[in-house]
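Counting in this note's numbering, the sequence shown runs from 1 upward without gaps.
Hints are computed from structural coordinates only; laboratory data are not their basis.
If you're wondering where the values come from, they're calculated on a predicted model, not measured in any experiment.
Glycine included, C-beta positions come from ideal geometry on N, C-alpha and C.
Wrong hints could be hidden among the right ones.
Unchecked claim - Label pairs and their computed distance ranges (CB to CB): (1) Lys163 <-> Met29: 15 to 23 Å; (2) Asp171 <-> Leu105: 39 to 47 Å; (3) Val112 <-> Phe196: 22 to 30 Å.
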Amino acid sequence: MEYEVRYYYSREKLDSIIEKLKEKNNLIMGERCYEKTCQYDHPCEEMSFYTKKIDGRFRIRITKSNTIAKCKVSWKRRIKTTTLNNVNEEEEVELEIKYKEYENLLFLVNSVLKMKSVESYERYRTIFFNDEIEISIDEYPFGIALEIENKSKTKNPQGIVEKWTKLLDLDIKKAYRLSWDDKYTQLCREQNVEIFKNVSFELPMPQVFDEV
Numbered sequence: 001m002e003y004e005v006r007y008y009y010s011r012e013k014l015d016s017i018i019e020k021l022k023e024k025n026n027l028i029m030g031e032r033c034y035e036k037t038c039q040y041d042h043p044c045e046e047m048s049f050y051t052k053k054i055d056g057r058f059r060i061r062i063t064k065s066n067t068i069a070k071c072k073v074s075w076k077r078r079i080k081t082t083t084l085n086n087v088n089e090e091e092e093v094e095l096e097i098k099y100k101e102y103e104n105l106l107f108l109v110n111s112v113l114k115m116k117s118v119e120s121y122e123r124y125r126t127i128f129f130n131d132e133i134e135i136s137i138d139e140y141p142f143g144i145a146l147e148i149e150n151k152s153k154t155k156n157p158q159g160i161v162e163k164w165t166k167l168l169d170l171d172i173k174k175a176y177r178l179s180w181d182d183k184y185t186q187l188c189r190e191q192n193v194e195i196f197k198n199v200s201f202e203l204p205m206p207q208v209f210d211e212v
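Input sequences plus hints: build the corresponding full structure.
This is how it looks when you write it as structure tokens:
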């Protein structure tokens, strides 16, 4: 299971968020990486991952920087207990493959398995971490997301996430409980901006203006 909370900010808050995390001496700062994530659906409509019954996301992600080139396949699903407590509890399974196999993977998914391409998005991610927590700063085309995720295998996962929200002076009651695509769609509708299937820095985007 994955335990996390997420907050959204305007793009202008990026530097101040980074500086606040740098002040925490027990966190290690990773390098800023570019990521592109493609999301797919089951080829059979009656088994769609996007139904309320399943409510899952099948994702293929590449991560690149000057020193990193990775590819990951993941499955993430909201479950009945996801929002029962202050911290999101979600089903998540991840598989890393060699970056050089990325094109072959896309061929198998698109041409052999005939999975349906639903949407994609790009972002820049910087991670702060230690043995118990991973805090990600995600620069989306429409705003900044701060994600706090438990990484401890021995401590109470919800307790760890709640601990770090307090250390960062965040109100856990104000965390955004849904996915990035929910946030993007919400912003587009509120700001009367066209909703794109593939969210890119090159396209006209809505913006987060206030903390949520």
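Verification of the supplied hints:
Evaluation of the 15 to 23 Å hint for Lys163 and Met29 yields a pass: the beta carbon distance comes to about 19 Å. Checked against the hint of 39 to 47 Å, the pair Asp171 and Leu105 passes, with Cβ atoms roughly 40 Å apart. The beta-carbon spacing between Val112 and Phe196, approximately 27 Å, falls within the hinted interval of 22 to 30 Å.
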